[in-house]
Amino acid sequence: MSNLFVNPFHFSTISENPADMLGDFYSLNFEKGRVDPDSMILNLGPQHPSTHGVLRILAELHGEYVLRAEPVLGYLHRMHDFMGQVKTPYQFLPNTGRVDYLHPVAWNWAYCGALERLAGLEVPERAEYLRIICCELNRIASHVMWWGAFVMDLGGFTPILYAFEEREKINDLLQIVTGSRLTMNSMRFGGMGADLDDRFLQKAADFIPYMRERLKMYDRLVTGNVIFRRRLEGVGPLDEEICRRYGATGPVLRGAGVAYDVRRAEPYGLYDRFDFEIPVAESPDCLGRYLVRLREIEESLKIVEQALARIPAGPYKHPKAPKVSWKPPAGEAYFAVEGGRGKIGIHVVSDGGKSNYRLKLRAPGFSNLSLFAEAARGTLLADALAILGSLDLVIPEVDR
Amino acid sequence: MKAQEIFDTWRKMGALLLCRHDFRKSGLSFSAFFAPDMVSEAARGLFEAGWFLEDLSAMPVKEGLLVTYHYAAARQPGRLAVRALAERGRLTSIAGVYQGAEWHEREAADFFGLEFIGNPNPVPLLLPHDFPDPPPLLKAEKDLAAMRDLGLFGQAREILDPAWAARLGALEKGEGAA
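In order, the protein sequence lines correspond to chains A and B. Note that the first sequence covers residues 1 to 400 in my numbering. Note that the second sequence covers residues 401 to 578 in my numbering.
None of these hints come from the bench; they were simulated from the model. Glycine included, every Cβ here is placed at the ideal spot set by N, Cα and C. What you were told as hints is all true, and nothing was included just to trick you.
Simulated restraints, written as ranges between beta carbons of each label pair:
{"hint": "1", "chain 1": "B", "residue 1": "Leu-538", "chain 2": "A", "residue 2": "Asn-43", "range": "27 to 37 Å"}
{"hint": "2", "chain 1": "B", "residue 1": "Ala-546", "chain 2": "A", "residue 2": "Pro-37", "range": "47 to 57 Å"}
{"hint": "3", "chain 1": "B", "residue 1": "Leu-560", "chain 2": "A", "residue 2": "Gly-234", "range": "44 to 54 Å"}
{"hint": "4", "chain 1": "B", "residue 1": "His-529", "chain 2": "A", "residue 2": "Thr-183", "range": "27 to 37 Å"}
{"hint": "5", "chain 1": "A", "residue 1": "Glu-122", "chain 2": "B", "residue 2": "Ala-435", "range": "39 to 49 Å"}
{"hint": "6", "chain 1": "A", "residue 1": "Met-83", "chain 2": "B", "residue 2": "Glu-463", "range": "20 to 30 Å"}
{"hint": "7", "chain 1": "B", "residue 1": "Gln-404", "chain 2": "A", "residue 2": "Gly-120", "range": "16 to 26 Å"}
{"hint": "8", "chain 1": "A", "residue 1": "Tyr-210", "chain 2": "B", "residue 2": "Met-401", "range": "41 to 51 Å"}
{"hint": "9", "chain 1": "A", "residue 1": "Asn-43", "chain 2": "B", "residue 2": "Asp-533", "range": "27 to 37 Å"}
{"hint": "10", "chain 1": "A", "residue 1": "Arg-229", "chain 2": "B", "residue 2": "Phe-531", "range": "39 to 49 Å"}
{"hint": "11", "chain 1": "A", "residue 1": "Asp-195", "chain 2": "B", "residue 2": "Leu-538", "range": "41 to 51 Å"}
{"hint": "12", "chain 1": "A", "residue 1": "Glu-277", "chain 2": "B", "residue 2": "Pro-477", "range": "18 to 28 Å"}
{"hint": "13", "chain 1": "B", "residue 1": "Gly-518", "chain 2": "A", "residue 2": "His-62", "range": "25 to 35 Å"}
{"hint": "14", "chain 1": "B", "residue 1": "Glu-463", "chain 2": "A", "residue 2": "Asp-38", "range": "45 to 55 Å"}
Here are some of the chain B residues that sit facing chain A, going by a computed Cβ distance under 10 Å:
{"hint": "15", "residue": "Phe-423"}
{"hint": "16", "residue": "Gly-427"}
{"hint": "17", "residue": "Gly-450"}
Same shape as in the complex, but just chain A:
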C-alpha cells in the first residue's frame, strides 16, 4: 500500500526492484565484456530517432569514442518464417509487402520468384516489364527516402521534406498498379495482380525528367556541402574483405568498389535485356556509399525509361497461373533479387502440402547491420551514427 504514496520527485539510487537497477538481460550480457573500468555504457534506442525504427545499440564509451558497440535486435520481430509455414502461399503474399516498408515490391518479387522457380511457372513478358517498372520506381523511392533520412541523421533537416515530395509522386504511380502506397502486394504467382493504364504511362514519362532535375538539385543542396562532406569523407571505411566476412551486399558492397548486383550476377526477370550500369564507389567510406545510391537512382531511371518505351502488349498474368487453393510441388528453390539494401533471398522448401515446409527470408539489412559492431569500434559516437545511417537500415527487414 505504501508504494502508492512514494514521492515521484524523490530520486533514490536504491530501488525495491533489483531488475530496475541492474539493467536488462542484454545490458548485463554486454557489461560482461567491458574493456575499460572507467568507461560509460550508453543505451541507444530502441526508441531513438537516429536508429530508424526500433533498433537498440549498446555502446561502451570512453569520452566520445566508441570502445565497443553491439546492436540488440528483435523489437520488431514478427516471425515471418513461421507465418510462411502455416499460411498457404497466397495467404503469405501480403506478408512480403510488410518485411521492408521502403522496398516492398522487391520482396514481392523474391517470394513470387522463389515459388515460380519451384513450380516451374512461366511469367508473361508484359508482366516481367511491369515487375521491372514497379521494382525500379520503388527502388528510387527507397533510395530517396534514405537520402533524406541520412542527411537528417547528420543534422540537416530540410532534405527529407524534398525526399517525401518525390516519394509521394512515386507512390501516386505505384498506387495505380499495386493499389497501395506502403505495404505493396502487387505480384501474383505467374504474373501481376493488375495492369497499368495510359494515365500511368503518361505520369511515369513525366516523372523521369522531373527526377533527373531533382537529382541535380540534391547535389547542389547536399552533396557539395562542405560540412556534409567533412562528416563523411574517410569515415567508416568498409572494404571488400569486411563485407565478405559479414555477407554485406547492395550499396554497402558496391561502396567497397565491388560491382556486385544480383540483377547482373544472377539475372532474373528480363534484366539482361536492359542497358544499365552498376555504380561503384571510388572510396569505401560513408561518402562512397552515399554517391553510389545517388548514381543508382539515375540507373533505375534509365531502366524505367527503357521499360516504358518497350513494354509489349499482352496479358499481365499467365492464363494458367495458379489458383488461390494452389499447392506447390515438393522440392526446394532459392531465389534472389536486388533490393534497395542488397541481396534479398528466399529459400523455400515444399513437401507438396498446402503450406511451405520451410520458408527462410534472407534480409540484406541483417547482414549489413551485423558488421556495425566492428565498423564502429574506435570511432567517435557521431561518426558511428553516420556509419549506421550509411548502411540504410530498415529494421522490420532486419528483424523480419
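With the hints as your guide, set chain B onto chain A.
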C-alpha cells in the same frame, strides 16, 4: 575459385554426399552434406576461395535437424549449399571464419534450439531471452518429412559415405548413383 572447382575439393575434404543441381530449377549449383564438425573447415575453404555466406537455413526433417549454409561469390556465378545434420542439436560454429555467421547462428538457435559450439556471443537474437520452450520452428513428429521427399538431393548424386545410400532410399532405385 569456380563453383565446379569447389565441388571437386569437397570430395577430398570428406563430404558424405555430393549433389549437382539445375540452377534454373532450384537456384543452387552444387550442394554437399558434411559431418557436423566439418562445416567450419568447409567454410574456411569457401572463404579462401572468395565466397561469402548468404544465410543459414535450418529445417527439421525426419533424419534430424538439417542446417544449410548458402554461399555466393561476388566474382563467380552460382550458389553453393553446405549441409549438415546437427548431432544432438549441436554444430560447430563458423563465426571464426565468417563473423557474420554469429547472428545467423543465434537466429537458428532461437528458432530451432540449435547449439553452435564456439559462437562468441550465444545469447538470443530475435526472440526474448525468456521465450518458453519448445523453439517455435520445430515440427511435431507427425509433420516431419524425409529429406528425399523434399527434393534436396538435386539432379545427380555421388554417395561417398555408404550410410547415405539408405537416406536417398527409393530415389536411387531407377537411376543409381551418378
